[in-house]
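Keeping their order, the protein sequence lines are chains A and B.
Here the first sequence stands for residues 1 to 431, numbered as in my numbering.
Here the second sequence stands for residues 1 to 431, numbered as in my numbering.
One thing to keep in mind: the hints can contain errors.
[Stated by the list, open to error] Not the full set, but computed from the structure, chain B residues with beta-carbon under 7 Å of chain A:
(1) Ala278
(2) Ala282
(3) Val284
(4) Ala299
(5) Gly307
(6) Ser331
(7) Ser332
These are computed hints drawn from the structure, not numbers from a lab.
C-beta atoms are modelled at their ideal positions from N, C-alpha and C, and glycine is treated no differently.
Okay, here's what each chain looks like letter by letter:
2 protein chains.
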Amino acid sequence: VEEGHNEEARELVSPLHPADIADLLELTPSEQRGEVAAALGDLVGAEVLSELNDYVRDDLIDALAPEQIAEFAGELDTDDAVAIIEDMDSEDQQAVLDALAPEDRAAIESALSYPEESAGRLMQRDLIAVPEHMSVGQVIDYLRDNSDLTSDFWEIFVVDEAHKPIGTCQLSWVLTCPRGIAISDLMKREQTLIPVDMDQEEVALRFQKYALISAAVVDGSGRLVGMITVDDILHIVQEEAGEDVLRLSGAGDGDINQPILMTVRTRLSWLIVNLGTAIFAASVVGFFQETIAKYVVLAVLMPIVSGMGGNAGTQTMAVAVRALATNQLTSSNTRRNILREFRIALANGSVLGCLIGVAVGLIYQNHDLGIVIAMAMLFNNLVAGLAGILVPLTLEKAGVDPAVSSAVFVTTLTDVMGFFSFLGLATLWGL
Amino acid sequence: VEEGHNEEARELVSPLHPADIADLLELTPSEQRGEVAAALGDLVGAEVLSELNDYVRDDLIDALAPEQIAEFAGELDTDDAVAIIEDMDSEDQQAVLDALAPEDRAAIESALSYPEESAGRLMQRDLIAVPEHMSVGQVIDYLRDNSDLTSDFWEIFVVDEAHKPIGTCQLSWVLTCPRGIAISDLMKREQTLIPVDMDQEEVALRFQKYALISAAVVDGSGRLVGMITVDDILHIVQEEAGEDVLRLSGAGDGDINQPILMTVRTRLSWLIVNLGTAIFAASVVGFFQETIAKYVVLAVLMPIVSGMGGNAGTQTMAVAVRALATNQLTSSNTRRNILREFRIALANGSVLGCLIGVAVGLIYQNHDLGIVIAMAMLFNNLVAGLAGILVPLTLEKAGVDPAVSSAVFVTTLTDVMGFFSFLGLATLWGL
């Protein structure tokens, strides 16, 4: 598309929504991205930047001067500006902050002072807060008369003299009521207040649970310091749930836009850990070389036992990791759910054990071999079921993200126990 | 908690938000759930029902009379009522519909006429639509004077004479403008219209991409028939992304609240498919029994090659499935991304091949064995990388959900090719 016809490209792109321009840039091969962005000129503005995939944005931002980034950041809401600036290294970050207008700088610096992925980073400072003695009419007049207020809000927060939120009022309620009604009679007093240091995953769960559109963020002393709106939460829910898929598989946080070298590094380090555990599992097989030498069929069948354990363990683990991430699995139902997984494993293991036992017994005309593989299959399914739930629970308790490291423990356990139970039983049985 | 002290339980629970009461019921063991719900009586109302996990709700609803369900459904928005009714079997559904007030019945019946998981099921019919000639003041008066209008809305839709939406107006814009301004000067003409038969996953992607709070739903002729609000979308994003984790692992759609028999059935059918492919992979090993009998160490090492291929394939597959689900992987960048995965596999395979080759060569003091396993490892990594992206792409093209069935194809391929390449090379090499 881009072979000198810059003018035409600009004409084609200009009617698009910033999110669509961002998509277009993401689809452009990374070598040509800088060129395309340069050709589009000011069409690639602040809003396009804030819609871009993290990796693609880093790519483009590296090419920009701090002053230009500062200009973009000044146009955006605090939360979007912070999202752009927080990933830069500290020197570049300082250069951008220095180039910002004082009030923007103060807002962004205070947001950056909160921990990453906390409510403080997500919130915006521009919000509408009114005292409780106002009437509906006074609120409307206040909004009409103060043109410097934000015009992007969905709810009005009612605060007391100490600036602590005491109620929330949907705009639709304000609009459907006569001017004379007091705002304090209209507002909803039950509110979901978000502490400024709450983790964004927890914030997202609150939004989902209580179907919130916006929520007040309060500091340690309970004063209103900002608000979070649901459109930012939608991104987080999508990201966090998607992260679990990637992390469970050992692909880290990498999507298809991640620079290839970083992808290789992330995935390789995970694969090397797995290589270590695979060698460990293989060494278990090494103990039984004599048995295998006597009866080579064991080598043919042993991957079935270990592999099926891995499959069953992965099922349980995925359910447990999701249940932990969505707060469904709590201390009050842990024991019940461990028992539940044990019973499922018992049922599945029995059926699979019978199936493989009968099949092997018939194919190799050897009942003993059938019995041994059936027992090993049942045993390894029980290991898989228990490991699938206990490993994520233990990691969560230890403060480690269960999505990141559960898989390596579970599959190592099912591999080792699969080989050990099958080959060990075969040796004991004298096959 | 519940041993006759029903009054006290009611007192404890009554100040809670419906979503919290729903959580409480979910945490209650399923045997006691009916009892607890009965003890709480009318505290378990329509809103609590609509917040409940699907499986838990089915449990409770089975115990209710159609008239009672109809009463609950009447209190809810169309979309929430539909969510409750759509999972019932058709006889019970009809009984509930018959017991509904005529206008509620018409709304719910028309929602049920749209396909499951489509925009038509998600939307609510109560919305605010105004003609474009109105001024801000007239809109406010219209809202104040018509008390039968919904008071739950975030945007006003502006429609032409044919009831086609021509613009959207945030309530905050209405509130911050003088009464005299024409609504048509205030509204935003660029809108994201949702066709009534659009799949909910696609709807969720639009909401996320354009940061929507609510959106107009239009029928085939472009007329406004309903609206979807972001709070319903949040649930869908959470569900759909979580589903991918569960489906990739073969756990189906089951969470920890699914009845245990259903869980066993879902997981077992997946495990039986895997048992078939595991037996198939094992039969490949069977071809090389003679080679293994001569050199048993091959049996010890072969699971390393197949297992590492499985790990690498799972990484690529997870990234590809997420990229497909979020529309990042499209026809325009497919070739580039296949090439990308090939290069990553080449890099990872080379490193892993060298590591295992040197280790095996040293441990077993056998250079040939080291070279064979290194080559097999590289080859199987390439198979894994290509299968990890090509399998999901092919399934998506064939109209099958790649999250459901990718894993079985990818791991079968990496198992079979792992065994085949390692044992085959060893045979050729004359080990």
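Going through the hints against the structure:
no.: 1; hint: Ala278; in the structure: holds (5 Å)
no.: 2; hint: Ala282; in the structure: holds (5 Å)
no.: 3; hint: Val284; in the structure: violated (9 Å)
no.: 4; hint: Ala299; in the structure: holds (4 Å)
no.: 5; hint: Gly307; in the structure: holds (5 Å)
no.: 6; hint: Ser331; in the structure: violated (10 Å)
no.: 7; hint: Ser332; in the structure: holds (5 Å)
Comparing the model with each numbered hint stated earlier shows that hints 3, 6 do not hold.
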